[in-house]
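Listed below are the residues making up each chain.
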Amino acid sequence: MGSYVPSTEEQRREMLKAIGLTDYRELYRDVPENMILNRPLDLPEGKSEMEVRNAMAALAAKNTVFSTVLRGAGAYDHYIPSIVKYIPAKEEFLTAYTPYQAEISQGVLQSIFEYQTMIAELTGMDASNASVYDGATAAAEAAAMCRDRKRRVTLISATAHPDVINTVRTYCYGTNDELVVVPAKDGKTDAEALKALLNDGVASFYVQQPNFYGVFEDADALGEIVHAAGAMFVMGCNPIALAIMKTPRNSGADVAVGEGQPLGMPIGFGGPYLGFMATTMKNIRKLPGRIVGETTDHDGNKAYVLSLQAREQHIRREKASSNICSNEALCALTAGLYMATMGPDGMAEAANQSMAKAHYLEKALTAIPGVKLRYDHPFFHEFLLDMPKYKEIELTLAAKGILSGLPYEDGMLWCVTEKASKATLDLVVSVVKEVLA
Amino acid sequence: MKLIFEKSVKGRKCDILPKCDVEAVALPEGLAREVAPRLPEMSETDVSRHYTELNKQVHGVNCGFYPLGSCTMKYNPRIDEEAAAMEGFTNIHPLAPKSSVRGALEVLDTLRADLCEITGMDGMTFQPAAGAHGEFTGVLLIKQYHDSHNDTKRTKIIVPDSAHGTNPATAAMCGYQVVNIPSTPDGCVDLNALRAVLGEDTAGLMLTNPNTVGIFDENILEITKLVHEAGGLCYYDGANTNAIMGVVRPGDMGFDCIHLNLHKTFATPHGGGGPGAGAVGCKEFLKPFLPHSALMEKPGRLQVRGFMGNFLVCVRALAYVMTLGREGIPEAATNAVLNANYLMQKIKGTFTPAFDRICMHEFVLDLSGYEKETGVSALDVAKSLIDYGMHPPTMYFPLIVHEALMLEPTETESIETLDWAADVFRKLYALGKTDPEFMHNAPHHTPIGRPDEVKAARSPIVRYDFA
Chain D
1 MGSYVPSTEE QRREMLKAIG LTDYRELYRD VPENMILNRP LDLPEGKSEM EVRNAMAALA
61 AKNTVFSTVL RGAGAYDHYI PSIVKYIPAK EEFLTAYTPY QAEISQGVLQ SIFEYQTMIA
121 ELTGMDASNA SVYDGATAAA EAAAMCRDRK RRVTLISATA HPDVINTVRT YCYGTNDELV
181 VVPAKDGKTD AEALKALLND GVASFYVQQP NFYGVFEDAD ALGEIVHAAG AMFVMGCNPI
241 ALAIMKTPRN SGADVAVGEG QPLGMPIGFG GPYLGFMATT MKNIRKLPGR IVGETTDHDG
301 NKAYVLSLQA REQHIRREKA SSNICSNEAL CALTAGLYMA TMGPDGMAEA ANQSMAKAHY
361 LEKALTAIPG VKLRYDHPFF HEFLLDMPKY KEIELTLAAK GILSGLPYED GMLWCVTEKA
421 SKATLDLVVS VVKEVLA
Chain L
438 MKLIFEKSVK GRKCDILPKC DVEAVALPEG LAREVAPRLP EMSETDVSRH YTELNKQVHG
498 VNCGFYPLGS CTMKYNPRID EEAAAMEGFT NIHPLAPKSS VRGALEVLDT LRADLCEITG
558 MDGMTFQPAA GAHGEFTGVL LIKQYHDSHN DTKRTKIIVP DSAHGTNPAT AAMCGYQVVN
618 IPSTPDGCVD LNALRAVLGE DTAGLMLTNP NTVGIFDENI LEITKLVHEA GGLCYYDGAN
678 TNAIMGVVRP GDMGFDCIHL NLHKTFATPH GGGGPGAGAV GCKEFLKPFL PHSALMEKPG
738 RLQVRGFMGN FLVCVRALAY VMTLGREGIP EAATNAVLNA NYLMQKIKGT FTPAFDRICM
798 HEFVLDLSGY EKETGVSALD VAKSLIDYGM HPPTMYFPLI VHEALMLEPT ETESIETLDW
858 AADVFRKLYA LGKTDPEFMH NAPHHTPIGR PDEVKAARSP IVRYDFA
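Residue numbers (the working numbering), protein chains in the order written: chain D, 1 to 437; chain L, 438 to 904.
A few of these clues could be false.
[Claimed, not checked] Pairwise CB distance ranges, derived in the manner of DEER restraints:
| no. | chain 1 | residue 1 | chain 2 | residue 2 | range |
| --- | --- | --- | --- | --- | --- |
| 1 | D | ARG29 | L | ASP860 | 27 to 35 angstroms |
| 2 | L | HIS877 | D | THR296 | 12 to 20 angstroms |
| 3 | L | ASP588 | D | ARG285 | 35 to 43 angstroms |
| 4 | D | ARG285 | L | PHE903 | 22 to 30 angstroms |
It should be emphasised that the hints constitute simulated quantities derived from the structure, not laboratory data.
Note that the Cβ used here is the ideal one computed from N, Cα and C, for glycine as well.
Input sequences plus hints: build the corresponding full structure.
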């Protein structure tokens, strides 16, 4: 049996004696007898470290690690620099708790302050929080922060990620607020439909940019429509794309959120990921979650602290706007570290290469008879193709160690990042040609 | 410590990506960024040095004693980290064909089965990313259940006043009115107060047991029975599971749904405030309401985040449960309780435990008397501990004890550490009586002194100013 209890049997007896007890059972004497589990747990025996390592390795070996991943849809396989994997593994960063004691946590607090600054820079906003659980919950929290007594309805574009829509729907169900999905038209938000759905009961409208199909939305125009109706404009953004794209701030967004996973986190079967949230100074006190602020100590030294806590659950309890108590600190550290390692040029490179390679693949695939781009609009690094025999294509490519685009709405949603080589993309094209011949 | 932006040098970079091997493509007209983001420009040496400098000003449980009550700061085993870094777990896409991720699915199935056995539950979701997120998910199960019976008059959730702030905040997020009931002097549920508020409008009760002062509420079966008789459901806040795992099961206490903090009880690292995982378990009848990812699992259910949850955290938890196994789980709990009682016993005679009785995995010291006598507050004592290399215990929680310090040593501390810790408390107890001023100004040996939190809130500076 594996154990992390250092005390020996003898020491445990000594400790029991010091408390005035003779048996372990007496430690639980306040627990009614009929509630004590009177049988061993139905679990396997504990294992030594070597056995655990082998067992976990055996489980890992049952998963296919594809050499090239051409599937996105909310989880993006970008190149992670070595140092970005190494630093968050340092035991201090890894095993620390939430930085309540500022005097011994300046390392964590400063790393979050730096992360907040970088997110503000990427989004063009004034203030970012310390992160929330993921992009989907960030969208839900943004919807909540935009509500007031009169404006309660949340609008969300049908072109958003299905999990984001469903998460926002769930949070709305919780607070008994209405969610309305604005229909899409030809792979983009239907602006006319949006206009018709806005009224003075609507709190906010959320659009993903680029959207779930990879298509660029007319964010500025949508923002104008939303503001004209007195509602708030929330944009869900791709942080890699933001290195080269117009900021949500400049597109008129009141709140910018998104999935931070592309910033140095592995695809990891869906988590842990990172939700970022940024807004203008005007809305800062509505932001949920932890925020790190700068101050001084009594000697005038610069110091970082968890701040604006009057918004939060431990102060306001049932009056808090959100129950969120923590953040994804280590992921925020990872994101800041990724952005520092890549720098503005490196991130622009990742974005530009992803876009270039995606277009290369799209052009080559749509040259094949029978293959068509479903929504003929400019896109970033994802695109939806009408593609016959997509199941067979998925299988054939998988046998070659390549994870194809995602079968979706009777087509295939492809994603290319900077990791994919031209040679691999050419191979994909030749395989598709062969299957469809 | 300089900020990373202050160390940035224009033109410095790391050489990470190869040249693009396909033709470049431009963004459509009007979509290009006008000004590049002011991210740091650094060499790899610079990055390494900066984060090393930051890392030196962080205190982790693997580095020293961390008796933070209610947080279960137990040692984070390295083998769990090794497992979570395996390529077969990190490099798999959540939407890959199920046949290509059989190992991942087995990790989740095995962990689910193990945790259900430990807690006495029948079903479980790993979607919640944290305890509070788990609470939200659990209370949503209750809400869906009542809605499925068209039982719309159930508008209230009962929460004891000793509860963690997330409990009432969660109830509000689920559209419920919060009914606070007072605790008995020993932090337990006042049965009469409970009876008085139960009725047709009761949706449920949120409770943790042992409670937030580290005492096991022996009336728990009566409590859950009363709530059930009123037609409500019982939710277990699993933050204190480390006291009882393998010894008592929330499912046997009458709870219908629970959350577990994998980053507390199951030793996954806290990471400075996340990522964690707040696994939510439930009895059979609530399984139809468990959340599922629309895209990854099945549409038609609610979901509380994207995809299925913090998978790599689950990997760590599975490695931990595999290590401890059938005997190790209750051994951990029993020794957590033993260590807490031992430490409390050794401190007794100086600071006063709030409750002079056998505690569970944590105990509370009540410094209100000491503060009246010396002027030294719980905050002063906490800050003074820092100078001795100990992370302070939880301060001023739960709200029902004044000048509270809550200590939870966990089972992974040795008797030597506990003896040393008790000795430090003894020293400070004496110091407060002879030199309270010194303690008002603690800590003395840290890079910064006490920060001005009022100033931080009044004039928020939440990002670096490049100007």
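Right, here's what the structure says about each hint:
no. : hint                                    : verdict
1   : D:ARG29 - L:ASP860: 27 to 35 angstroms  : 29 angstroms, holds
2   : L:HIS877 - D:THR296: 12 to 20 angstroms : 18 angstroms, holds
3   : L:ASP588 - D:ARG285: 35 to 43 angstroms : 37 angstroms, holds
4   : D:ARG285 - L:PHE903: 22 to 30 angstroms : 24 angstroms, holds
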